[in-house]
Amino acid sequence: MAEQLESEESGNLFTKIIAIAAGEAHTLALTANGDVYAWGRGTFGRLGTDSEADQLFPVRIDFEPADSDGDKKRVKIVGIAAGAYHSLAVAGNYSFSPFIG
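Read in the UniProt record's numbering, the sequence shown has 81 at position 81, and its numbers run on one by one without any break.
Keep in mind the hints are simulated off the structure, nothing from the lab. Positions of the beta carbon are idealized from the N, C-alpha and C atoms, including for glycine. Fair warning: there could be bad hints in the mix.
The calculated lysine-lysine pairs, modelled on DSSO-like cross-linking and capped at a C-alpha distance of 27 Å, are [as the list claims (entries may be wrong)]: (1) K16 with K76; (2) K73 with K16; (3) K16 with K72.
The following label-pair restraints were derived from C-beta to C-beta distances [what the hints assert, rightly or not]: (4) T43 with V90: 20 to 26 Å; (5) A53 with K16: 26 to 32 Å; (6) E24 with D69: 25 to 31 Å; (7) F57 with N33: 18 to 24 Å; (8) D71 with A25: 16 to 22 Å; (9) A25 with D69: 36 to 42 Å; (10) K16 with D69: 29 to 35 Å; (11) A19 with D62: 16 to 22 Å; (12) T43 with D71: 28 to 34 Å; (13) D69 with N93: 18 to 24 Å.
Hey, can you work out the whole structure from these sequences and the hints?
This is the structure we're talking about:
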């Protein structure tokens, strides 16, 4: 039987995954509640973690930009895509958010 692994960074992936996108050496997962998780090779910033470090386990990507008052606002992601060295997310208002280094 497979062993379920969790880490503080990856959180709890029991949420329904509705889409997967894969690049050359990284993977993205989109959950039903609009969160994006990324793992794999971090070169060129393709994971969207503000680092080029590799991630062996899924890490939730922060899409919470601060408004003019400095308050963070949650952005629901509705689509994802990945290429060899980049990743894209489509927000609920259909704006694109590339995360590349």
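Status of the hints after comparison with the structure:
About 15 Å separates the Cα atoms of K16 and K76, which keeps this hinted pair within 27 Å; it holds. Distance hint between K73 and K16 is fulfilled; the C-alpha atoms sit about 23 Å from each other, no more than 27 Å. The suggested pairing of K16 with K72 holds, with an alpha-carbon distance near 25 Å, which does not exceed 27 Å. Between T43 and V90 the Cβ separation comes to about 23 Å, which falls inside the hinted range of 20 to 26 Å.
At roughly 28 Å, the beta carbons of A53 and K16 sit within the given window of 26 to 32 Å. At roughly 40 Å, the beta carbons of E24 and D69 sit outside the given window of 25 to 31 Å. Between F57 and N33 the beta carbon distance is about 19 Å. The supplied range of 18 to 24 Å therefore holds. At roughly 36 Å, the beta carbons of D71 and A25 sit outside the given window of 16 to 22 Å.
Distance hint for A25 and D69: a CB-CB separation of about 39 Å, consistent with the stated range 36 to 42 Å. Separation of K16 from D69 is about 33 Å and conforms to the stated range, judged on CB atoms against 29 to 35 Å. Hint check: A19 to D62, Cβ distance near 19 Å, so the stated range 16 to 22 Å holds. Taken as a hint, the range 28 to 34 Å holds for the pair T43 and D71, whose Cβ atoms sit roughly 33 Å apart.
Separated by about 19 Å at the C-beta atoms, D69 and N93 satisfy the suggested range of 18 to 24 Å.
The structure does not agree with the numbered hints 6 and 8 stated previously, though it agrees with the rest.
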